[in-house]
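*Asks:* Sequence:
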Amino acid sequence: MRDPYSVLGVKRDADPDEIKAAWRTKAKSVHPDHNQDDPTATQRFAEIGKAYEVLKDPGKRDRYDSQRQMAENRVQEQTIMQQRQAAREAAERAKLAK
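With our numbering applied, the sequence shown covers 705 to 802.
In case anyone wonders, no lab produced these hints; they're calculated from the structure.
Hints are not guaranteed to be accurate.
Taking lysine to aspartate or glutamate and the DMTMM-like style, the derived pairs with C-alpha atoms no more than 25 Å apart in a straight line are [stated by the list, open to error]:
| no. | residue 1 | residue 2 |
| --- | --- | --- |
| 1 | K724 | D769 |
| 2 | K764 | E776 |
| 3 | K760 | D721 |
| 4 | K754 | D707 |
| 5 | K754 | D769 |
| 6 | K764 | D707 |
| 7 | K754 | D717 |
| 8 | K715 | E776 |
| 9 | K764 | D721 |
| 10 | K764 | E722 |
| 11 | K724 | D761 |
| 12 | K732 | D742 |
| 13 | K724 | E751 |
| 14 | K732 | E751 |
| 15 | K760 | D707 |
| 16 | K764 | D719 |
| 17 | K724 | D737 |
| 18 | K715 | D766 |
| 19 | K724 | D766 |
| 20 | K754 | D766 |
| 21 | K715 | E757 |
| 22 | K754 | D742 |
| 23 | K764 | D717 |
| 24 | K732 | D761 |
| 25 | K754 | D721 |
| 26 | K764 | E751 |
| 27 | K715 | D761 |
| 28 | K754 | E776 |
| 29 | K754 | D741 |
| 30 | K754 | D719 |
| 31 | K724 | D707 |
| 32 | K754 | D737 |
| 33 | K754 | E722 |
| 34 | K760 | E776 |
| 35 | K715 | E751 |
| 36 | K724 | E757 |
| 37 | K760 | D717 |
Between the sequences and the hints, there should be enough to build the whole structure, so can you do that?
*Replies:* In structure tokens form, the structure reads like this:
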């Protein structure tokens, strides 16, 4: 599933009322009954519903936010490690080139 905040179009610090209002607006605009000629309407409607399910429950929202933060930290750590490895390899190549 995509990021529920981006699915609903709200900021990460949005309060529950903002989340609910965004969900209602999005759900109305893509509801399959109003978009019968759009084959992806059902899928988009379901995605909006799933995003709301995650963000409306404070426990689920906290778990999502912490898992997302841990994933970002892992990527950041990997990037730093890759940069260090590249620097070591460049230094080794420089030694061999002398």
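*Asks:* If a hint holds in the structure, say so; if it doesn't, say that too.
*Replies:* Verification of the hints:
Only pairs whose Cα atoms come within 25 Å are accepted, and K724 paired with D769 is accepted, the gap being roughly 18 Å. Between K764 and E776, the direct Cα distance comes to roughly 18 Å. Compliance with the 25 Å bound is thereby established for this hinted pair. With a CA separation close to 9 Å, the supplied pair K760 and D721 stays within the 25 Å bound. Only pairs whose Cα atoms come within 25 Å are accepted, and K754 paired with D707 is accepted, the gap being roughly 10 Å.
For the hint linking K754 to D769, the alpha-carbon distance of about 15 Å falls within 25 Å, and the restraint holds. In summary, the hint linking K764 to D707 is supported, as the alpha carbons are separated by about 13 Å, within the 25 Å threshold. Annotation: proposed proximity of K754 to D717 holds, straight-line Cα distance about 19 Å (limit 25 Å). The straight-line distance between the Cα atoms of K715 and E776 is roughly 17 Å, inside the 25 Å bound, and the hint therefore holds.
At most 25 Å may separate the alpha-carbon atoms for a hinted pair to count; K764 and D721 meet this at roughly 16 Å. The hinted pair formed by K764 and E722 meets the criterion: a straight-line CA distance of about 17 Å does not exceed 25 Å. For a cut-off of 25 Å, the pair hint linking K724 to D761 stands: about 11 Å separates their Cα positions. Restraint check for K732 and D742: satisfied, since their Cα atoms lie roughly 14 Å apart, inside the 25 Å limit.
Between the alpha carbons of K724 and E751 the distance comes to roughly 15 Å, so the proposed pair stays at or under 25 Å and holds. Straight-line distance between C-alpha atoms of K732 and E751 comes to about 13 Å, which keeps the hinted pair within the 25 Å bound. Using a Cα cut-off of 25 Å, the hinted pair K760 and D707 holds, with the two alpha carbons roughly 14 Å apart. Taken as a hint, the K764 and D719 pair is honoured in the structure, with Cα atoms around 14 Å apart against an allowance of 25 Å.
At roughly 21 Å between alpha-carbon atoms, K724 and D737 fall within 25 Å of each other, so this suggested pair holds. For the hint pairing K715 with D766, the CA-to-CA distance comes to about 15 Å; that is within 25 Å, so the pair holds. For a cut-off of 25 Å, the pair hint linking K724 to D766 stands: about 17 Å separates their Cα positions. Among the hinted pairs, K754 with D766 is consistent with the structure: their alpha-carbon atoms are about 15 Å apart, no more than 25 Å.
Straight-line distance between C-alpha atoms of K715 and E757 comes to about 16 Å, which keeps the hinted pair within the 25 Å bound. Of the pairs offered as hints, the one joining K754 and D742 holds, with about 20 Å between alpha carbons and a cut-off of 25 Å not exceeded. Under the criterion of a C-alpha separation no larger than 25 Å, the hint pairing K764 with D717 is consistent with the structure, at around 15 Å. As the CA atoms of K732 and D761 are separated by approximately 21 Å, the hinted pair is consistent with the 25 Å bound.
Between K754 and D721, the direct Cα distance comes to roughly 17 Å. Compliance with the 25 Å bound is thereby established for this hinted pair. Annotation: proposed proximity of K764 to E751 holds, straight-line Cα distance about 16 Å (limit 25 Å). With a CA separation close to 16 Å, the supplied pair K715 and D761 stays within the 25 Å bound. Using a Cα cut-off of 25 Å, the hinted pair K754 and E776 holds, with the two alpha carbons roughly 22 Å apart.
Proximity of K754 to D741 is assessed by CA-CA distance (about 23 Å); at most 25 Å being required, the pair is judged to hold. Straight-line distance between C-alpha atoms of K754 and D719 comes to about 18 Å, which keeps the hinted pair within the 25 Å bound. With a C-alpha separation of about 16 Å, the suggested pairing of K724 with D707 holds against the 25 Å cut-off. For the given pair, K754 sits about 18 Å from D737 by alpha-carbon distance, which is consistent with the 25 Å threshold.
Proposed proximity of K754 and E722 is supported: the alpha carbons are some 16 Å apart, at most 25 Å. With a C-alpha separation of about 23 Å, the suggested pairing of K760 with E776 holds against the 25 Å cut-off. Of the supplied pair hints, the one linking K715 and E751 holds, its CA atoms being roughly 17 Å apart against a limit of 25 Å. Among the hinted pairs, K724 with E757 is consistent with the structure: their alpha-carbon atoms are about 10 Å apart, no more than 25 Å.
At roughly 13 Å between alpha-carbon atoms, K760 and D717 fall within 25 Å of each other, so this suggested pair holds.
Checked against the numbered hints listed earlier, the structure breaks none of them; every hint is satisfied.
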